[in-house]
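There are 2 protein chains.
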Amino acid sequence: MTPLRVGIVGIGWWSNVLAETMQASDKLDLRAGYTRSAEKRAEFAGKFGCDAVDSYEALLARDDLNAVILTTPNSAHREGTEQAAKAGKHVFVEKPISNSLEDGRAMIEACDAAGVTLAVGHCYRRNGALRHMRHMIDTGELGRISMAEAFFGNDNGMKMKPGVWRTDPAEIPGGCLMQLGIHQIDNMLYLMGPVSEVSAYFNRLETEPEIEDVTAVLLRFESGSVGFVGSNYCSPLRFDLVTHGTKGNAFFELNTDGLRVQKTGELERKPVDYPPIDHLTAELEDFADAIAEGRPPEIGGREALAPLAIVLAAGRSSAEGRSVKLSELLPDA
Amino acid sequence: MTPLRVGIVGIGWWSNVLAETMQASDKLDLRAGYTRSAEKRAEFAGKFGCDAVDSYEALLARDDLNAVILTTPNSAHREGTEQAAKAGKHVFVEKPISNSLEDGRAMIEACDAAGVTLAVGHCYRRNGALRHMRHMIDTGELGRISMAEAFFGNDNGMKMKPGVWRTDPAEIPGGCLMQLGIHQIDNMLYLMGPVSEVSAYFNRLETEPEIEDVTAVLLRFESGSVGFVGSNYCSPLRFDLVTHGTKGNAFFELNTDGLRVQKTGELERKPVDYPPIDHLTAELEDFADAIAEGRPPEIGGREALAPLAIVLAAGRSSAEGRSVKLSELLPDA
Chain A
674 MTPLRVGIVG
684 IGWWSNVLAE
694 TMQASDKLDL
704 RAGYTRSAEK
714 RAEFAGKFGC
724 DAVDSYEALL
734 ARDDLNAVIL
744 TTPNSAHREG
754 TEQAAKAGKH
764 VFVEKPISNS
774 LEDGRAMIEA
784 CDAAGVTLAV
794 GHCYRRNGAL
804 RHMRHMIDTG
814 ELGRISMAEA
824 FFGNDNGMKM
834 KPGVWRTDPA
844 EIPGGCLMQL
854 GIHQIDNMLY
864 LMGPVSEVSA
874 YFNRLETEPE
884 IEDVTAVLLR
894 FESGSVGFVG
904 SNYCSPLRFD
914 LVTHGTKGNA
924 FFELNTDGLR
934 VQKTGELERK
944 PVDYPPIDHL
954 TAELEDFADA
964 IAEGRPPEIG
974 GREALAPLAI
984 VLAAGRSSAE
994 GRSVKLSELL
1004 PDA
Chain R
674 MTPLRVGIVG
684 IGWWSNVLAE
694 TMQASDKLDL
704 RAGYTRSAEK
714 RAEFAGKFGC
724 DAVDSYEALL
734 ARDDLNAVIL
744 TTPNSAHREG
754 TEQAAKAGKH
764 VFVEKPISNS
774 LEDGRAMIEA
784 CDAAGVTLAV
794 GHCYRRNGAL
804 RHMRHMIDTG
814 ELGRISMAEA
824 FFGNDNGMKM
834 KPGVWRTDPA
844 EIPGGCLMQL
854 GIHQIDNMLY
864 LMGPVSEVSA
874 YFNRLETEPE
884 IEDVTAVLLR
894 FESGSVGFVG
904 SNYCSPLRFD
914 LVTHGTKGNA
924 FFELNTDGLR
934 VQKTGELERK
944 PVDYPPIDHL
954 TAELEDFADA
964 IAEGRPPEIG
974 GREALAPLAI
984 VLAAGRSSAE
994 GRSVKLSELL
1004 PDA
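Order-wise, the sequence lines are chains A and R.
Heads up: the first sequence begins at 674 in our numbering, then just goes up one per residue.
Heads up: the second sequence begins at 674 in our numbering, then just goes up one per residue.
Bear in mind the hints are in silico, worked out from the structure with no lab data behind them.
This structure is a prediction, so every number in the text was calculated from the model and none was measured.
Please note that a few of the clues may not be correct.
The list treats identical chains as one, so a pair stands whether inside a single copy or across any two.
Pairs of lysine to any residue, SDA-like flavour, derived with a Cα cap of 25 Å [stated by the list, open to error]:
id, residue 1, residue 2
1, Lys943, Arg933
2, Lys920, Gly931
3, Lys834, Thr937
4, Lys832, Glu939
5, Lys834, Asp699
6, Lys936, Glu775
7, Lys832, Ala786
8, Lys943, Gly931
9, Lys920, Gly722
10, Lys832, Pro944
11, Lys834, Glu971
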């Protein structure tokens, strides 16, 4: 297979992480990078052996590129995607797909019209442990699942200063939930199926910029099960997910114990072996494979509307003090 | 100190647990037991070397008893307490104080009027690990606390058959939340302070009797922090509580790892030493000490109204699809 030839746009710490992932993969070939700062793009090009391009338009005009990866601010995803689609480039955009459903839908339409692939970076569901948890659910090993809880938080909010996009309330409706918790929302959708209803409490306790740094969300699933996703920006890094089944509880801790299972009649949580998968490699290679094979990627634009809608529904619930049906935001889903 | 001379009422598996606790304490002297079944009370009396009494009235008439412990069905707490108070006996009643705030308030009034002590069995906050977690919060070791999550569930619902009080919907509004989750609600109040608002989703998925076996509750605290309490009756026993602070996360797992702390800049959750406290011994000895010292117990009737009100507010929230302010149920709190 010919590697997918990629240009990356919006250079910061995250594009460095993705560039390292591409360097280690033979399915993606990072050829060019663009960001507004000439200094930053030169440094990036030097580090990863690719070209620094002077403008987004120049990058899109290059015939040697098949695809762009957008790690730009959330609110720039739509315009960047529409331009790329017009130029016939496939698009991988970081999560959230956008800050509004309107923008997300426009991105889907633009890529459909141009016949290019749109993929969205909800990476964690591809982690080997969560793939294996899903396998245990599908095979019945955990029995019927009644509840799931997840938490993703860190203390970045303690250091946040106004003036960069991640601290701009207009850029991040839902604050830490839009940036961190949305990953666990996608994991919940992956493991538990569609969500019908959302209740939430948001608050800002510690961050200087006026973004929510504490978000607690209840999910009612169409299956009848219930779930919780917590997120914050004001305590040490934690990424945990638990599912409760009639035959066992499964515990995933990303940074500590991996995957453990507690079976009926036992108290101990026993480590479980599973095929290791690097979730960033998996998501970028799925993007490349989808294009090569002419199939949709696992998380296309449509799949990415649900986690976005849940974040927005949670904000509405917190503001209005009521449970919000997802059909209010996604009437066609 | 002369031991408190106790009669226990409503003999079942839980009264056996409390009787064993009293046998190991020199502050309580179990003298008599009453339950409707003559066979059961004779067996209990033989096992614990106390008298089997023929009626509750006969037990209350005994001059050698200072106090009663009621492990009767929730709906019988009020009448049992009112009778005991009239007979001048101090009352220890299992959680919840009752199934309704009206009953709970009547119990408080009856004991106040008779000048006897009323204590309610919210035991887990006395566990050494939770005492130590509270100490770490009070001393600032964890920094300012933004969020907390707790779960208490087991798979008892899978075995439940109609016909006993724990499976009667009228006896257990809120199902597993009233029986199990209420313990974590009390722990939340202990660690995080008063609750202002509650949102919840309830469901029944697995139990044959028509009681809720899946309950997910969001708490908004007066401090601005937020919390989650999950409970179910359809997966293996789990009792966990996590608090998130600006300087550290604290993890409590009752049946597995005890208390662990993750400090800022670290991923590892390191075991923490704390003075061990048996929570059942502590709650019963607090009852005896409070009477001997003429002071209120840690959890009297008034303190027990808040967790009950939160369970009832959660049920209202789930049924009405809205956030419920606790002041709706406890206007004077």
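Hint check:
Proximity of Lys943 and Arg933 under a CA criterion of 25 Å is satisfied in both settings, with 5 Å inside one chain copy and 18 Å between copies. Taking identical chains as interchangeable, the C-alpha atoms of Lys920 and Gly931 lie at most 25 Å apart whether they share a chain (20 Å) or sit on different chains (24 Å). Taking identical chains as interchangeable, the C-alpha atoms of Lys834 and Thr937 lie at most 25 Å apart only when they sit on different chains, with a minimum of 19 Å there against 48 Å within one chain. Taking the shortest alpha-carbon separations for Lys832 and Glu939, only the inter-copy value of 17 Å comes in at or below 25 Å, while the best intra-copy value is 42 Å.
When the C-alpha separation of Lys834 and Asp699 is checked against a cutoff of 25 Å, the pair qualifies neither within a copy, at 39 Å, nor between copies, at 59 Å. Proximity of Lys936 and Glu775 under a CA criterion of 25 Å is satisfied in neither setting, with 44 Å inside one chain copy and 41 Å between copies. In this assembly of identical chains, Lys832 and Ala786 lie within 25 Å of each other by CA distance neither inside one copy nor across copies; the values are 42 Å within and 56 Å between. For the homomeric pair Lys943 and Gly931, the shortest alpha-carbon distances inside one copy (10 Å) and between copies (16 Å) are both at most 25 Å.
Taking the closest pair of Cα atoms, Lys920 and Gly722 never come within 25 Å of each other, the shortest separation being 51 Å inside a single copy and 40 Å across copies. Taking the shortest Cα distances, Lys832 and Pro944 never come within 25 Å of each other, neither inside one copy (35 Å) nor across copies (28 Å). Proximity of Lys834 to Glu971 under the C-alpha cut-off of 25 Å is found in neither arrangement, the shortest distances being 35 Å within a copy and 44 Å between copies.
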